Each structure stands twice: as structure tokens, then as C-alpha cells.
Amino acid sequence: RKEVEQDPGPFNVPEGATVAFNCTYSNSASQSFFWYRQDCRKEPKLLMSVYSSGNEDGRFTAQLNRASQYISLLIRDSKLSDSATYLCVALTGTASKLTFGTGTRLQVTL
Amino acid sequence: NAGVTQTPKFQVLKTGQSMTLQCAQDMNHNSMYWYRQDPGMGLRLIYYSASEGTTDKGEVPNGYNVSRLNKREFSLRLESAAPSQTSVYFCASAGSSYNSPLHFGNGTRLTVT
Numbered sequence: 011r012k013e014v015e016q017d018p019g020p021f022n023v024p025e026g027a028t029v030a031f032n033c034t035y036s037n038s039a040s041q042s043f044f045w046y047r048q049d050c051r052k053e054p055k056l057l058m059s060v061y062s063s064g065n066e067d068g069r070f071t072a073q074l075n076r077a078s079q080y081i082s083l084l085i086r087d088s089k090l091s092d093s094a095t096y097l098c099v100a101l102t103g104t105a106s107k108l109t110f111g112t113g114t115r116l117q118v119t120l
Numbered sequence: 447n448a449g450v451t452q453t454p455k456f457q458v459l460k461t462g463q464s465m466t467l468q469c470a471q472d473m474n475h476n477s478m479y480w481y482r483q484d485p486g487m488g489l490r491l492i493y494y495s496a497s498e499g500t501t502d503k504g505e506v507p508n509g510y511n512v513s514r515l516n517k518r519e520f521s522l523r524l525e526s527a528a529p530s531q532t533s534v535y536f537c538a539s540a541g542s543s544y545n546s547p548l549h550f551g552n553g554t555r556l557t558v559t
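First to last, the protein sequences are chains H and S.
Residue 11 is where the first sequence starts when you use this note's numbering, and the numbers rise one by one after that.
Residue 447 is where the second sequence starts when you use this note's numbering, and the numbers rise one by one after that.
Think of the hints as simulated: they come from the structure by calculation, not from any bench.
Incorrect hints may appear among the rest.
Here chain S is said to cover these stretches of chain H; the calculated rule only asks that three of the stretch's residues, wherever they fall, bring their Cβ under 8 Å from a Cβ of chain S [what the hints assert, rightly or not]: (1) 51-62; (2) 91-97.
For lysine to any residue, the following SDA-like pairs were computed, each having C-alpha atoms within a straight-line distance of at most 20 Å [stated by the list, open to error]: (3) H:K107 <-> S:D472; (4) H:K52 <-> S:T461; (5) H:K107 <-> S:N476; (6) H:K52 <-> S:N476; (7) H:K55 <-> S:V458.
To give a feel for the contact side, a few chain H residues facing chain S, derived at Cβ under 8 Å [stated by the list, open to error]: (8) F44; (9) L101; (10) T102.
These numbers come from a predicted model, not from an experiment.
Backbone N, C-alpha and C define an ideal beta-carbon position, used for all residues, glycine too.
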């Protein structure tokens, strides 16, 4: 079983839709989580950190459920520019112990 | 402020050839990393350096060597390239806090024939 698992998608949604991705992690010792965004043939970029209390940044909301060992990303009012691959990342111990999921691809269409 | 700069952007090698991927960061970060990204595999850590003068193996170090030349620079060397090393390579750096986010370079696309 992979340490961090994501549905690869693609998720095809119309502009304006709300879409949610889940990510599960297997190591209960993981203490920090992140969502990164990666555009085609580009480097990953930090989208947001995920806090225990949940956090929101504009149209994006991230939540952490430690009991069930999953994190989620909700995107409201999807834009064409949101089309990308979203990587779920878990940190266990030091920064060298970052584990990346394989990513969920989102395609927003007109 | 360039962030993390990687060179080259593209490279084609023949099996057995050697090359060095260069990486430099101007954010005064202590930690630097080399990852490879392959379809369906996610990003996998090759080597990392927690501070100048130290390097440690990651998940997939075989076939690679690294050098932390100074605080700014962290290079990755393939001594004898193999087709299995065809991949996209990313350098990254991070600050000292344990949950500091990674800042990535724009990648090197390497093909080994």
C-alpha cells in the first residue's frame, strides 16, 4: 500500500463547479500535510498547508481528518486556470520524510 | 530573486555517459533536495542535504551521487547513465523549520537511450 494515496482522476468539471479531492495516508505518525499544484511539465508549487482545524484560502479549503487519516481539498467556483495536477504531501518527522502522492488531475472546461 | 535554479532544462544521454545536474538557490535555505518524478510514481527523493557539508540518501539513491558545494549549491551526478534513469529531475530547497514548504526548480528532463 502506498504511504500517500490519491485518486489519479482526471476529474473533468465545468467552470463554476465545486470539486473535492481526497487523499489518504497510512503513517499515523505523519504530522504535517500540504497540497501542491503542478501544471503540465512544470514544477510543483505549494498551494496550501493543511492544519488540524482546517483552513481556507479564497476558493480553496483544506481539511484534515486524523482519525480516518485523510486530507481533502475543496475548490469552489472552479476556473479554467485551476486545471492542473494536485499533489497531496505528508511530512513524517524531518523535512526529508516528505511523501508525495501521485497526484489528482483536474480539468476544468467551459 | 530567482528562487531555485536548475540546469540544464533538457538532456539526452547515451547509456554509460555521465553528467552533472546543477542546482542553486538564493533563499538562504539550509535544506536542499533532489527528486525524480516518473509517471504513476509520484516524486521520489534521491538525496537530500540538511545543511552545508552534509548529505544523506533518500528513497532511490542508487546510481547517483551528490555534492553540497556550499550553502547555495547542490549538484546531482550520474556517473554511468542507464535507461532507468530517464525521468524528470527536480531540485528543491526549504527553510529550517520542520514544516517549511519546498521550493522547486523548474526541472530537468533527462532521456537516456
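Structure-based check of all given hints:
Coverage of the segment 51-62 of chain H by chain S holds [criterion: at least 3 residues with CB-CB distance below 8 Å; count 7]. Look at the segment 91-97 of chain H against chain S: 1 of its residues bring a Cβ nearer than 8 Å to a Cβ of that chain, fewer than three, so the hint is violated. The straight-line distance between the Cα atoms of K107 of chain H and D472 of chain S is roughly 23 Å, outside the 20 Å bound, and the hint therefore fails. Straight-line distance between C-alpha atoms of K52 of chain H and T461 of chain S comes to about 26 Å, which puts the hinted pair past the 20 Å bound.
Distance restraint check for K107 of chain H and N476 of chain S: the Cα-Cα separation of roughly 16 Å lies within the 20 Å cut-off, and the hinted pair is therefore satisfied. Our distance criterion of 20 Å between C-alpha atoms is broken by K52 of chain H and N476 of chain S, whose separation comes to about 24 Å. Between the alpha carbons of K55 of chain H and V458 of chain S the distance comes to roughly 26 Å, so the proposed pair goes past 20 Å and is violated. Because the smallest distance between the Cβ of F44 of chain H and any Cβ of chain S comes to about 6 Å, under 8 Å, the interface hint for this residue holds.
Taking 8 Å as the C-beta cut-off, the interface hint given for L101 of chain H holds, the closest approach to chain S being about 6 Å. At about 11 Å, the closest approach between the beta carbon of T102 of chain H and any beta carbon in chain S exceeds 8 Å, and the interface hint on this residue is violated.
Of the numbered hints given earlier, the model fails hints 2, 3, 4, 6, 7, 10; all others are met.
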